[in-house]
Amino acid sequence: MKISGLKILGILAMKELRDGLRNRWIAAAIIVLGTLALVLSLLGSAPTGSIKASAMDISVISLASLSVYLIPLIALMLSFDALVGEFERGTMMLLLTYPVTRWQVIMGKFLGHVLILFIAIFAGYGGAMLILALFTDASLEGWQAYVSMMSSSLALGAIFIALGYLVSVLVKERATAAGTAIGLWLVFVVLYDLVLFGTLLIDEGQLIGQQLFSMLMLISPTDTYRILNLSMFDGVSQAAGIAGVASEAGMSSTLLISIMLLWIIVPLAATLMVFQKREL
Amino acid sequence: MTPQNPTNKKVISLQNVTKRYADETVVSKVNFTIQSGECVVLVGHNGAGKTTLMKLMLGLTRPTSGKVKVLDSNPAFSSTIAQHRTLGYLPESVAFYEAMTGREVLAFYAQLKGASRTDCENLLEVVGLADAARRRVGTYSKGMRQRLGLAQAMLGNPQLLFLDEPTTGLDPLLRQQFYELIDALHKEGATSVISSHALNEVEARASRFIIMKTGRVVASGTLDELYQQAALPVRLKVTVTPGEAASVADRLGPETRIGEVNHQTLNLSCFNGDKMPLIRRITELGDVVNDLQILPPRLDEVYSHFMNGEPS
Numbered sequence: 001m002k003i004s005g006l007k008i009l010g011i012l013a014m015k016e017l018r019d020g021l022r023n024r025w026i027a028a029a030i031i032v033l034g035t036l037a038l039v040l041s042l043l044g045s046a047p048t049g050s051i052k053a054s055a056m057d058i059s060v061i062s063l064a065s066l067s068v069y070l071i072p073l074i075a076l077m078l079s080f081d082a083l084v085g086e087f088e089r090g091t092m093m094l095l096l097t098y099p100v101t102r103w104q105v106i107m108g109k110f111l112g113h114v115l116i117l118f119i120a121i122f123a124g125y126g127g128a129m130l131i132l133a134l135f136t137d138a139s140l141e142g143w144q145a146y147v148s149m150m151s152s153s154l155a156l157g158a159i160f161i162a163l164g165y166l167v168s169v170l171v172k173e174r175a176t177a178a179g180t181a182i183g184l185w186l187v188f189v190v191l192y193d194l195v196l197f198g199t200l201l202i203d204e205g206q207l208i209g210q211q212l213f214s215m216l217m218l219i220s221p222t223d224t225y226r227i228l229n230l231s232m233f234d235g236v237s238q239a240a241g242i243a244g245v246a247s248e249a250g251m252s253s254t255l256l257i258s259i260m261l262l263w264i265i266v267p268l269a270a271t272l273m274v275f276q277k278r279e280l
Numbered sequence: 001m002t003p004q005n006p007t008n009k010k011v012i013s014l015q016n017v018t019k020r021y022a023d024e025t026v027v028s029k030v031n032f033t034i035q036s037g038e039c040v041v042l043v044g045h046n047g048a049g050k051t052t053l054m055k056l057m058l059g060l061t062r063p064t065s066g067k068v069k070v071l072d073s074n075p076a077f078s079s080t081i082a083q084h085r086t087l088g089y090l091p092e093s094v095a096f097y098e099a100m101t102g103r104e105v106l107a108f109y110a111q112l113k114g115a116s117r118t119d120c121e122n123l124l125e126v127v128g129l130a131d132a133a134r135r136r137v138g139t140y141s142k143g144m145r146q147r148l149g150l151a152q153a154m155l156g157n158p159q160l161l162f163l164d165e166p167t168t169g170l171d172p173l174l175r176q177q178f179y180e181l182i183d184a185l186h187k188e189g190a191t192s193v194i195s196s197h198a199l200n201e202v203e204a205r206a207s208r209f210i211i212m213k214t215g216r217v218v219a220s221g222t223l224d225e226l227y228q229q230a231a232l233p234v235r236l237k238v239t240v241t242p243g244e245a246a247s248v249a250d251r252l253g254p255e256t257r258i259g260e261v262n263h264q265t266l267n268l269s270c271f272n273g274d275k276m277p278l279i280r281r282i283t284e285l286g287d288v289v290n291d292l293q294i295l296p297p298r299l300d301e302v303y304s305h306f307m308n309g310e311p312s
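Protein sequence lines, in the order shown, are assigned to chains A and B.
The numbering of the first sequence is this note's numbering, which starts it at 1 and goes up by one.
The numbering of the second sequence is this note's numbering, which starts it at 1 and goes up by one.
Keep in mind that the hints were calculated from the coordinates and are not lab data.
These numbers come from a predicted model, not from an experiment.
Honestly, I wouldn't trust all of these hints.
The calculated BS3-like cross-link candidates involving lysine-lysine, where the alpha carbons are at most 25 Å apart (straight line), are [as the list claims (entries may be wrong)]:
#, chain 1, residue 1, chain 2, residue 2
1, B, K67, B, K10
2, B, K187, B, K213
3, B, K69, B, K213
4, B, K69, B, K9
5, B, K213, B, K67
6, B, K69, B, K10
7, B, K67, A, K277
8, A, K277, B, K9
9, A, K277, B, K29
This is chain A alone, in the form it adopts within the complex (with noise of 0.2 Å):
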């Protein structure tokens, strides 16, 4: 019987996902973020103030400067331990003498990753959404923003996990991959936007122009996040009150997008050849 590589990355994926269902970690996650969604929501949605913005707008800025935060961490807690635990444990070993190449291990693993983080964030967000969706009335550009929230914010996680696959691909041992994992956390999304602010602070626009500046914020997958959920819809940028900020800056939105997957392929590459050389 003949095996296509597409069903081989299909039971590996599968694998992933049932694993994440067992240990309960989705549902934590659907909980976690479902919660959060609902509860910044309903906050956003009583002080509008003078600007008039809509509750389903305030939602997408809030929880985009929440998922940020939250999305990296979720989705380096579930990549950082994927191979070197295998590794560890001996699992890998045997996995390898199965009619399964090394890069469908990978992208087996990345699908199913990113299937889990799929599920936590269209339920939970979603779910959130939809609650809100009954005392609020939303416009279709509102909902379109969000869905596009939700979806970048995969995007997001997928760049966290890919990420976090190249940690665990690279160290030793599983502790060395998890405080790895934090301190790549901590760079991405705090100690690279603060350090940047900082120096721009203290530069006073001597040194850094603002093509610079554009660069600089673009080099980091977090603030490209950022600005691709404040800018991309107006009623947004407007609430957030960076109208026309991004597209001044030359940024468009397929730009973003494109420097987001990029943050996707190459860590993803990365691991593929580590783990190609990778002997066990």
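Following the hints, position chain B against chain A.
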């Protein structure tokens, strides 16, 4: 066991294979070929390089120098699907996904090999895990894990089996069943490579032995060939009329190697080539000799000869 229909197809060949880790040579200049239908047993102490040799043949690791060929392809990282489909492997200390149940683990591996669900259930039955199939692997004992390991190696009627110390942790009954399974696969023409640190257990099954010591092959061949290579003395136990042992020893003369002499027994030893003349001399002694037992060297003696001797 000698294969029923030995076809002369080369399944595995190793040419001058050396594997070095940082500062340690684990496998050194190993050469051998394995034909299809053979059951080859790798024997050696812990750290002799058996596991590394298996990993090299499985393509899990790459030789530092030399060539490994399995089923006409270089296994190192090629993972050609055709090769793996018919391959079964039981690692030395098998590890599973602890959170999955025994049945889930086997079903997962069966899917990857394209084996059916009935195949899974049958194997669970055979290895005696049918009742524990709903339990998490994390709760399994060492023996149960080993049995699950065997079951996964047997999935999909493998034509090429690599079993790294397969019977550790198995009770005698299951050991027997396990060898019956291997025999059945062999009758269908399967080839297997089994590693073991004991010769006697696998004695009856093996068509050939490869004895390893600190990464080198120190001897290889069938059991008979190993006996010849070892050239160990044959022992004879002679029972004589009570009280006559000392005089019989005198009459046999100084050219006979005489060990222990009791009231009525003598322990003699000689090399295989001298055996018949010695037996003739003993029978010429007449009625004083009541019994004669010939004790060929035991397998563990052959083994310790190769393990303690200098590598050739």
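### Message
Please verify whether B/K187 and B/K213 have alpha carbons no more than 25 Å apart.
### Response
violated (31 Å)
### Query
Regarding the pair B/K69 and B/K213, is the alpha-carbon distance no greater than 25 Å?
holds (22 Å)
### Message
Against the 25 Å threshold, does the CA-CA distance of A/K277 and B/K9 hold or violate the hint?
### Response
violated (31 Å)
### Query
Has the given pair, B/K67 with A/K277, been kept, meaning a C-alpha gap of at most 25 Å?
Holds, at about 18 Å.
### Satisfaction of hint between B/K10 and B/K69, Cα-Cα up to 25 Å
Measuring from Cα to Cα gives roughly 9 Å; hence the hint holds.
#### Entry: Pairwise hint evaluation, B/K10 against B/K67, where the allowed Cα distance is 25 Å at most
holds (14 Å)
### Task
Mind checking the alpha carbons of A/K277 and B/K29 for me, to see if they're no more than 25 Å apart?
Satisfied, since the Cα-Cα distance of roughly 23 Å is no more than 25 Å.
#### Entry: Pair hint outcome, B/K213 versus B/K67 [Cα-Cα no greater than 25 Å]
Since the Cα atoms of B/K213 and B/K67 sit roughly 20 Å apart, the hinted pair holds (cutoff 25 Å).
### Query
Given the hinted pair B/K69 and B/K9, is their alpha-carbon gap at most 25 Å?
holds (13 Å)
In this structure, the earlier hints numbered 2, 8 are contradicted, and the remaining ones agree with it.
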